[in-house]
Structure formats: C-alpha cells, structure tokens
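Participant: Sequence:
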Amino acid sequence: MKKTAFYAMAMLLVPWLSCTNHPVQNIASPPMNTGENAKMILPPVKDTVLASGRKNIYLAGLRTKQGFFTERYIFPPGYKGMPHVHNSDLYITILSGSAHIVQEKKFDTTAPSIAYGPGSFVVIKADQPHFEWFTQECTMQVSGIGPNETYYLPEEPTKK
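Take the sequence shown: its letters are residues -23 to -1, 1 to 137, numbered as in mature numbering (1 follows the signal peptide of the UniProt record, and there is no 0).
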C-alpha cells in the first residue's frame, strides 16, 4: 500500500515540478531578438481584378505552378461561375458573405442549393462538375496542389 501511494505521489509531482521551472509567460512569449519578424512569402505576381469584378489575391504559391497554393477571391454580388471542373482537388473556406456552390453540370440558380456562409468549408474533388453564384459580396480562400486547371463545360442544348 505504501509503495503504491509513493508511486502515485511521484506521478503527480513529476509533471508539476517540470512545469514550475518554466513560467507560462515565457512559453507563450518566447524571447525574440530586436528587429526579428516573420517573413512574408508572396508569389512574385500582382493581385488582379477581372472584367467580371472578381478580385484575385495570391497568398502562397501559384495555381499554375507545381506545388501547394492558396488564393483568396472576392466575388461581387451577381457574379456567376458557369459549370466547370478542375484537374485536382480544391479546398474552399468562405471567409465573409455567402456563396451558392452546386455540384452539377447544368447551371440553374433555381435548383435547390445551400448558401455557404462564413466559416463554411467545401471540398471540390478533381473532375467534379460544379458552378457557383453570389447574391452578396463573398470572400473565399481556395487552396490546392498545382498545377490546377479550370475546364469549362459546354452548355447542354435546350430541348424545344
């Protein structure tokens, strides 16, 4: 019994003693030399504003190059992205506003859809047909592995 109590006490004291030698404020705020800052890593391209009003902001890597990329898009109200596919997966986070994203081949804003709002996370798998439209300004962040190409789908003929 005494031996068990001794081991139990040791198991409680060892972690407690190891924490008391390193105050929390030192762990949370590691020492930093004066003038030492995190470096911004941005691709050597300028942000763009398309004729449609969509703004592209390039944060890391480039969609057209090999490797990981992250881009941020700001879509104006009324913007419509016609049906298309990508050759690799995309990971989308809605930062502000909302986006209607439908994984279908035919563009139809009257079809049942979900308005993805801030904090929503959507995965678009490679070769998955989809389209999107926006009723309000929306900022979304898109990440993936490049090169990532966009292939627009031909419009399906309407039956008369």
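Don't take each hint at face value.
To be verified - SDA-like mimics (lysine to any residue), calculated; alpha carbons at most 20 Å apart, straight line:
(1) LYS82 / PRO95
(2) LYS102 / THR127
(3) LYS102 / PHE84
(4) LYS23 / PHE84
(5) LYS32 / PRO53
(6) LYS102 / GLU114
(7) LYS102 / GLU126
(8) LYS42 / GLU132
(9) LYS57 / LEU36
(10) LYS42 / ILE122
(11) LYS42 / ASN125
(12) LYS23 / LEU36
(13) LYS102 / ARG49
Unchecked claim - What follows is a list of derived Cβ distance ranges for each label pair:
(14) ASN33 / ALA92: 21 to 29 Å
(15) PRO131 / THR47: 17 to 25 Å
(16) THR86 / LYS42: 27 to 35 Å
(17) ALA88 / LEU39: 30 to 38 Å
(18) THR25 / GLY55: 15 to 23 Å
These are computed hints drawn from the structure, not numbers from a lab. All C-beta atoms, glycine included, are put in the ideal place defined by N, C-alpha and C.
Participant: Mind checking the alpha carbons of LYS82 and PRO95 for me, to see if they're no more than 20 Å apart?
Facilitator: The hint is violated at about 25 Å.
Participant: For the pair we were handed, LYS32 and PRO53, check the Cα-Cα distance against 20 Å.
Facilitator: Between LYS32 and PRO53 the Cα gap is close to 9 Å, so the pair holds against 20 Å.
Participant: Taking 20 Å as the top limit, are the C-alpha atoms of LYS102 and GLU126 close enough?
Facilitator: 13 Å, holds
Participant: Is LYS102 close enough to ARG49, meaning Cα to Cα at most 20 Å?
Facilitator: 19 Å, holds
Participant: Would the pair LYS42 and GLU132 pass a check requiring their Cα atoms to be no farther apart than 20 Å?
Facilitator: 29 Å, violated
Participant: Given the hinted pair LYS102 and THR127, is their Cα-Cα distance within 20 Å?
Facilitator: 13 Å, holds
Participant: Taking 20 Å as the top limit, are the C-alpha atoms of LYS102 and PHE84 close enough?
Facilitator: With a Cα-Cα distance of about 18 Å, the restraint between LYS102 and PHE84 holds, given a limit of 20 Å.
Participant: Mind checking the alpha carbons of LYS57 and LEU36 for me, to see if they're no more than 20 Å apart?
Facilitator: 23 Å, violated
Participant: Within 20 Å, alpha carbon to alpha carbon, are LYS23 and PHE84?
Facilitator: 31 Å, violated
Participant: 17 to 25 Å was suggested as the range; check whether the CB atoms of PRO131 and THR47 agree with it.
Facilitator: Given about 30 Å between the Cβ atoms, the range is violated.
Participant: Hint says 27 to 35 Å; check whether the CB-CB distance for THR86 and LYS42 agrees.
Facilitator: 34 Å, holds
Participant: Using the beta carbons of THR25 and GLY55, state whether their distance is inside 15 to 23 Å or not.
Facilitator: Cβ of THR25 to Cβ of GLY55: about 19 Å, so the range 15 to 23 Å holds.
When each numbered hint is compared with the structure, violations occur for hints 1, 4, 6, 8, 9, 15.
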